[in-house]
Amino acid sequence: GDSVTQMEGPVTLSEEAFLTINCTYTATGYPSLFWYVQYPGEGLQLLLKATKADDKGSNKGFEATYRKETTSFHLEKGSVQVSDSAVYFCALGEGIQGAQKLVFGQGTRLTINP
Amino acid sequence: DGGITQSPKYLFRKEGQNVTLSCEQNLNHDAMYWYRQDPGQGLRLIYYSQIVNDFQKGDIAEGYSVSREKKESFPLTVTSAQKNPTAFYLCASSGGRGASQPQHFGDGTRLSIL
Chain A
268 GDSVTQMEGP VTLSEEAFLT INCTYTATGY PSLFWYVQYP GEGLQLLLKA TKADDKGSNK
328 GFEATYRKET TSFHLEKGSV QVSDSAVYFC ALGEGIQGAQ KLVFGQGTRL TINP
Chain B
3 DGGITQSPKY LFRKEGQNVT LSCEQNLNHD AMYWYRQDPG QGLRLIYYSQ IVNDFQKGDI
63 AEGYSVSREK KESFPLTVTS AQKNPTAFYL CASSGGRGAS QPQHFGDGTR LSIL
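Protein chains in written order, with our numbering: chain A, 268 to 381; chain B, 3 to 116.
Just so you know, these hints were derived from the structure itself, not from any lab. Ideal Cβ placement from N, Cα and C applies to all residues, glycine included. Some hints could be false.
Derived DSS-like pairs: lysine-lysine, alpha-carbon spacing no greater than 25 Å straight-line [said to hold, decoys possible]:
1) Lys72(B) - Lys368(A)
2) Lys319(A) - Lys344(A)
3) Lys73(B) - Lys16(B)
4) Lys73(B) - Lys59(B)
5) Lys16(B) - Lys368(A)
6) Lys59(B) - Lys72(B)
7) Lys72(B) - Lys16(B)
8) Lys327(A) - Lys344(A)
9) Lys319(A) - Lys72(B)
Calculated from the model, a selection of chain B residues having no Cβ within reach of chain A, i.e. all distances over 12 Å [what the hints assert, rightly or not]:
10) Met34
11) Ser69
12) Ala83
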């Protein structure tokens, strides 16, 4: 079945450092790809998405490009802030019977030190 | 503001007891979902409903039941048949059809066994 593999955490960086969190996927069809972020004690929030090959999703300084040839959707940010500390989930979405099935990676915990 | 409300935030279950987790949305979304999150893991789909009065099993439905009598509401019952119910439960909804629609999440219910 479909699956998502994320870079294992935890990841600890200093403020203003460059961030990359790797994500690769296995899918039989043409899924949409998402990055969600989870702050402590909260649910998930959509960070960005891409719906087809070569699409770039971006939001709040984060970017990720849908690479079909390498089946990847790596998350990047040029200069991280303390407020970016959270758990990040990569996910693929496929349509099922009028709804959407999300398959998640295991999550990467990011801590940014001042 | 539109969103998803889950209650209670914390819930304790005694052995052999059924408990029901509430999920209400005012986003006018047709599809709703229940996920289970365990420490250090991604989310796993328990049940989903694409429309009122219809729902489907997800990947880990055993020991759980749901109903969808109203568009706004999708309660989850954790039955005594669920042998390892301690987890963080997240409800989500999505509008439209297909793989590209992002899901909107509630803030979760943390269930523990007494």
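Each hint tested on the structure:
no., hint, verdict
1, Lys72(B) - Lys368(A), "holds, 21 Å"
2, Lys319(A) - Lys344(A), "holds, 21 Å"
3, Lys73(B) - Lys16(B), "violated, 31 Å"
4, Lys73(B) - Lys59(B), "holds, 18 Å"
5, Lys16(B) - Lys368(A), "violated, 32 Å"
6, Lys59(B) - Lys72(B), "holds, 18 Å"
7, Lys72(B) - Lys16(B), "violated, 29 Å"
8, Lys327(A) - Lys344(A), "holds, 9 Å"
9, Lys319(A) - Lys72(B), "violated, 34 Å"
10, Met34, "violated, 8 Å"
11, Ser69, "holds, 16 Å"
12, Ala83, "holds, 24 Å"
The structure does not agree with the numbered hints 3, 5, 7, 9, 10 stated previously, though it agrees with the rest.
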